[in-house]
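**Q** Protein chains in written order, with the working numbering: chain A, 1 to 287; chain B, 1 to 417; chain C, 1 to 325; chain D, 1 to 238.
Do not rely on the hints blindly, as some may be mistaken.
Within a straight-line C-alpha distance of at most 30 Å, the following computed DSSO-like cross-link-like pairs (lysine-lysine) qualify [unchecked claim]:
1) K158/C with K379/B
2) K186/C with K103/B
3) K175/B with K32/B
4) K175/B with K401/B
5) K256/B with K339/B
6) K158/C with K375/B
7) K128/B with K158/C
8) K32/B with K158/C
9) K158/C with K358/B
10) K87/B with K158/C
Treat the hints as calculated values from the structure; they're not laboratory data.
These figures come from a predicted structure and were not determined experimentally.
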Amino acid sequence: MNLGALLPSAIDGLLLGFVYGLAAMGLTLIFGVTRVVNLAHGQMIAMGMFVVLAVASGAGLNPYVGVLLAAVVGLAAGVVIYVVAVDRVINAPELTTLLATFAVNLIIIGTATTLLTTSPRAVDVDMGALRSGGVTVLGTHLVAVVIAVAAAGALYAFLFRTRLGKSIRAVAADRAAAELMGINSRRMLALAFGLGTALAMTAGALLATLFSFNVLSGGTYETKSFVIVVLGGLGNPTGALIGGLIIGLLEGVTAVVIPVSWVPVIEYAVFVLILLVRPRGLLGSRQ
Amino acid sequence: MRGMRIMAAAAAAVLVVAACGSGTSSGPKTLKIGFTASQTGAQELTSKRQVEGIKLWADQVTKAGGIKLKDGTVLTPQLVSYDDESKTDRVQALYTKLINDDKVDFLLSPYSSGLIKAAAVVGEQNGKIMVTAGGADDATMEQGFTSIYQVYTPASQYLTGAIDLMLAMDPSIKKIAIVNEKDAFSTGVAAAAKPYAASKGLQIVVDEGYDTGTTDFGPIVNKIAAAAPDAILGGGHFQDGQTFAKAIFDKQVKAKFIALLVAPPEPTFGDIGAAANDIVGPSQWEASVAYDAKAAVAANISWYGPAVADFTAAYNAAFGSAPSYHSAGGYAAGLVLQKAIEDAGSIDPAAVRAALDKQDLLTLFGRIRFSTDAKTHGKQTAHQMVYVQWQAAADGSLSTKVVWPEAGRTAPIVPRQ
Amino acid sequence: MLRLRGRSRPFLPVLLLIVAVVAAVPLVTGNPSMREELFFMLLLVTLATSVNVITGYTGYVSFGHIVFFGLGGYGAFWLMQALGVHFLVAAVLGVIPAVLVAAVVGAAVLRLRGAYFALATLGILEATKAFMTNFDPAGGAVGLSFNFSIYAQYGGAKSAAELAYVFMALVALAAIAASYLVRHAKFGLALMTIREDQDAAVVLGIDPARTKVAAFVISAVFPALAGAAFFFKNGIIEPGSAFDLTRSIESLVMVVLGGVGTVAGPVIGAAVYEWLRGFLITSPALASFQLTIAGVLLLVVVLFATSGLVGVLRARFPAVREWLE
Amino acid sequence: MSSLTVRGLEAGYGGVPVLWGLDVDLLDGALTTLVGSNGSGKTTFLRSVMGLIRPWRGSVVLDGLDVTRLSAHEKADLGLVLVPEGRQLFTTMTVLENLEMGATVRRARPLMRATMDEVFAMFPRLAERRGQQALTLSGGEQQMLAIARGLMAKPKILLLDEPSLGLSPRVTMEMFTAIRALRRAGLTIVLVEQNVQLSLAIADHAYVLAHGRVELSGPAREVRELPAVRAAYLGAAE
């Protein structure tokens with residue numbers, strides 16, 4: 001055990017936590033509004049990575065243009081997924097909506113695997129690095145944090161400052177009552193699905209600027225999102241962001257004191273424990 | 001159930017290379033060779049290389065008029081393969097299908113030790129001979145199999161050789177980090193390297209494993225940086241190895257010597273630019289180590305198959321890229337089988353098994369001989385590893401140089417900057 | 001409801017007979033590749049039938065049900081490899097860790113409802129998998145493997161594979177029988193009452209906690225036995241194949257495909273699903289799009305045929321209605 | 001002029017019928033009350049008129065337009081506004097945001113500020129608590145907010161489902177006073193109540209439902225005097 005790694009690991013974990021949090025916000029937003037656990041979440045994260053790849057390696061543009069594009073594509077893709085696969089069964093039992101989104105997941109994985117292969121990919125972004133003592137912080141990580149915070153901020157401004165955003169919150173609070181107020185709840189559900197997917201793809205796009213990836217890379221981040229979402233309270237976007245930071249920090253710090261491969265064991269144990277002891281999450285409100 | 005049979009029949013020829021032979025009087029017979037390939041999943045890239053090697057072998061044999069036996073029979077190879085998705089689950093069902101439905105005569109292996117382990121059980125159950133390439137795991141070859149033959153140098157030798165190389169370069173090295181992927185192959189490599197390092201008086205200051213599919217090496221690299229070792233040994237397969245190298249470079253970890261498994265010998269490892277510089281990798285084969293007939297004479301064994309240069313040129317022409325050691329391994333598996341069939345003069349399993357047991361060849365892949373000891377039957381005993389290092393030329397361009405063994409080296413090893 | 005509970009037709013014997021006859025075909029014809037395919041199919045029938053008890057009858061979506069398959073597999077494998085216990089004994093003893101986890105962890109997580117329960121089971125699966133990956137006494141990430149000579153005591157690898165197959169077939173038949181009996185006993189009625197309205201169940205004198213745990217334990221036993229057979233035949237066990245989340249979700253897919261909460265549904269669903277997958281994966285034209293096609297079909301079933309194939313058959317052919325439950 | 005004509009309305013849940021063919025007519029500017037015991041179909045009637053559940057048969061005609069098949073938000077757009085049983089506020093949102101959501105429909109949006117001033121004048125306590133989360137309000141305040149939110153939509157017809165549910169007698173009186181004030185201001189109102197005595201006291205017209213059918217209907221004053229009604233409802237209410 002060498003505690004020299006503590007500070008750099010904690011910083012790394014915390015920075016990464018912002019991106020985890022952003023991805024989890026997408027999952028939790030969709031759940032909060034539509035009550036659907038989106039099993040295509042991980043695959044949408046992976047698709048975000050490929051948007052950056054297409055923009056950076058394919059079109060030769062700045063990878064961060066890809067991050068922006070991923071958000072736009074995600075919004076559209078989420079709306080389409082909702083309309084095609086979810087709307088018809090929105091009031092059905094959980095099993096139905098879970099499998100509907102799982103079917104979407106299969107379709108995207110299958111198509112992406114065939115068209116893009118599972119070859120490893122990487123987008124080479126060099127944003128320099130800040131170095132001080134034993135701590136190295138890569139520029140790409142800092143930029144990712146800035147973008148993640150900006151995206152979360154934009155989401156909050158939208159949900160709390162605009163009529164459309166408030167309508168989404170109204171649907172989340174009580175779908176039937178929102179309908180009675182003249183809010184077209186289907187439109188809001190579709191929009192929420194779009195926004196959640198946009199967040200997932202944005203997070204994926206940011207991850208592509210940090211690590212290598214392939215078509216199947218979404219899985220790890222999906223389970224991580226589940227953990228974070230439960231930690232922060234299912235359906236609570238602020239909780240997701242904070243949960244992301246907690247998980248990021250936890251990963252960074254525990255990795256110093258125990259073998260790195262034991263970290264997931266701790267993570268999932270915490271996950272199950274939180275569900276048992278405080279199912280509404282650390283920040284979840286009691287309703 | 002009828003549907004299932006029809007389905008199986010329709011599936012019989014997923015990948016058919018070389019259909020017709022040269023038409024002698026007795027008529028050519030087809031030699032059916034079955035294997036699974038990872039067309040998707042974690043092993044996709046390296047598996048593709050291996051399959052290309054196998055295809056090239058089958059193509060060349062067909063073009064040369066097939067395998068001619070002493071009794072005048074001519075055999076044209078026909079390859080039958082399915083996608084194993086890089087998962088062990090279905091490997092067994094697919095190999096059973098190859099043996100019973102497709103009625104293949106011989107088996108080749110999938111790529112990677114985990115898949116080979118599962119496939120070998122089925123091959124052995126059915127008494128089919130399987131020549132494995134793409135799998136170096138020692139444990140698999142210590143299960144008491146009788147019909148499995150390993151072309152690769154066993155995993156236990158991958159990093160022990162690297163340790164020798166490292167100490168030859170700089171005897172002052174004391175502290176090392178061992179970081180490996182937690183799969184059958186890499187765990188086996190690390191398990192052999194640790195006691196060997198200790199026996200050389202080295203101190204292991206970081207000993208970590210990471211899951212297959214890991215992309216974030218931040219926590220591990222931070223630990224390494226804090227422990228400040230002189231050398232880093234480990235890795236696993238291509239993608240993680242490349243990512244690990246990049247993370248080490250980004251965090252400016254100082255180490256005089258870094259050796260990683262599998263990834264460095266692949267030409268695309270150089271895509272990470274300066275991060276690849278000075279990294280060493282054990283390789284089963286390098287084009288620049290030109291084994292030839294003369295060396296065979298010197299070692300008093302027979303030479304078999306094309307020369308290294310001819311293979312490389314033909315591979316380049318067929319697939320538009322230079323062969324990696326995985327490609328050569330696939331090709332060598334075909335060669336080994338071909339030679340054994342020729343020596344046996346038939347495709348009778350017992351005769352071919354006897355021929356393989358006796359085999360001691362020098363090929364473009366290097367020397368090949370199998371253990372005949374009951375406990376380790378079929379394990380590779382003669383093939384030698386080579387070590388490559390990415391080195392920068394004066395103009396900054398990177399390329400791999402063979403740095404070990406002395407005989408085949410194209411450049412001396414340099415300490416990492 | 002009342003008519004469903006009637007037993008005027010010998011549904012169970014007929015269903016068991018059909019499965020048994022199909023399972024016997026490769027033994028009679030001696031076709032090993034068909035045996036391999038049917039082994040897998042019977043395995044899936046067992047998994048789907050078991051998860052249906054907790055998900056279909058009781059309404060608790062168990063995402064991580066494959067954990068019992070893995071625990072049973074590891075338990076039995078270790079007994080065979082380390083202690084040289086005979087397969088049949090090891091398989092039965094291997095059920096113990098699965099039942100313990102189902103009873104102890106089940107009692108805790110079954111308090112959760114809806115998506116929370118589903119996520120908790122997912123967490124248990126991933127936690128177990130991550131633990132086993134690091135647990136060196138069980139081989140860690142590399143797992144455990146047999147020395148080939150272990151099959152000698154069963155008369156060679158071939159007859160060991162046949163033994164595993166017969167065992168698997170019996171487990172599948174037992175799982176189907178158990179599923180039927182559960183559904184038709186008072187216990188099954190209690191489960192379905194819990195599914196419809198847990199609070200009403202309490203009023204009717206049902207103890208939901210105990211009833212649910214009992215159902216969870218029953219649904220854990222058969223996957224554990226199946227795991228023992230699968231890995232005995234495989235010769236190797238490792239965390240990735242023992243605790244595969246995708247396989248876990250697939251068994252739910254089969255349940256939905258066949259018909260949630262029915263006895264025949266999971267059987268038909270598993271058979272059709274595996275047949276379709278086998279067809280797609282080995283078809284030259286479709287192989288590369290197999291997942292896409294599977295996804296589209298699943299989506300169509302989920303969206304338009306909510307009662308599954310059993311529902312479609314019952315609606316289309318009144319004659320079979322009495323024979324399909 | 002607003003009128004609502006319901007003919008032969010049949011509806012239920014999951015194949016189980018609740019309404020067996022209701023005919024109901026609303027008079028413009030009048031307060032109509034629907035009374036009946038628990039399970040007589042009052043709430044189901046409101047929900048199917050609104051389109052929260054799909055009617056099986058029958059028609060709902062609003063101002064000469066057949067709206068039977070429209071969804072709830074489309075009906076809200078046409079001026080049919082339901083204040084649901086149990087309030088169903090947007091509990092995680094503030095009082096102000098709840099009111100803002102009330103003014104979603106096209107007609108109401110430009111008038112939002114003015115309407116808000118009106119409802120604040122009517123329920124001054126809401127004005128005091130405008131920044132508070134709806135969840136933190138007392139039961140009476142929540143009911144005020146629910147009605148106020150409905151009024152924000154500038155309804156042509158306001159449907160009130162059990163507005164006195166769970167309220168203390170004092171707050172209930174306040175609520176009924178407010179409803180009467182709305183009636184006096186000329187709003188067409190449908191009131192579904194378990195408090196039969198109070199609702200018959202303030203209503204113009206009454207329908208008595210039993211087992212999903214209209215048992216009798218007429219001017220509230222007359223219905224109140226019927227011996228059957230007195231025995232069945234008013235005796236129990238005292």
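**Q** Among the hints numbered above, which are violated by the structure, and what are their numbers in rising order?
**A** 2, 3 and 5
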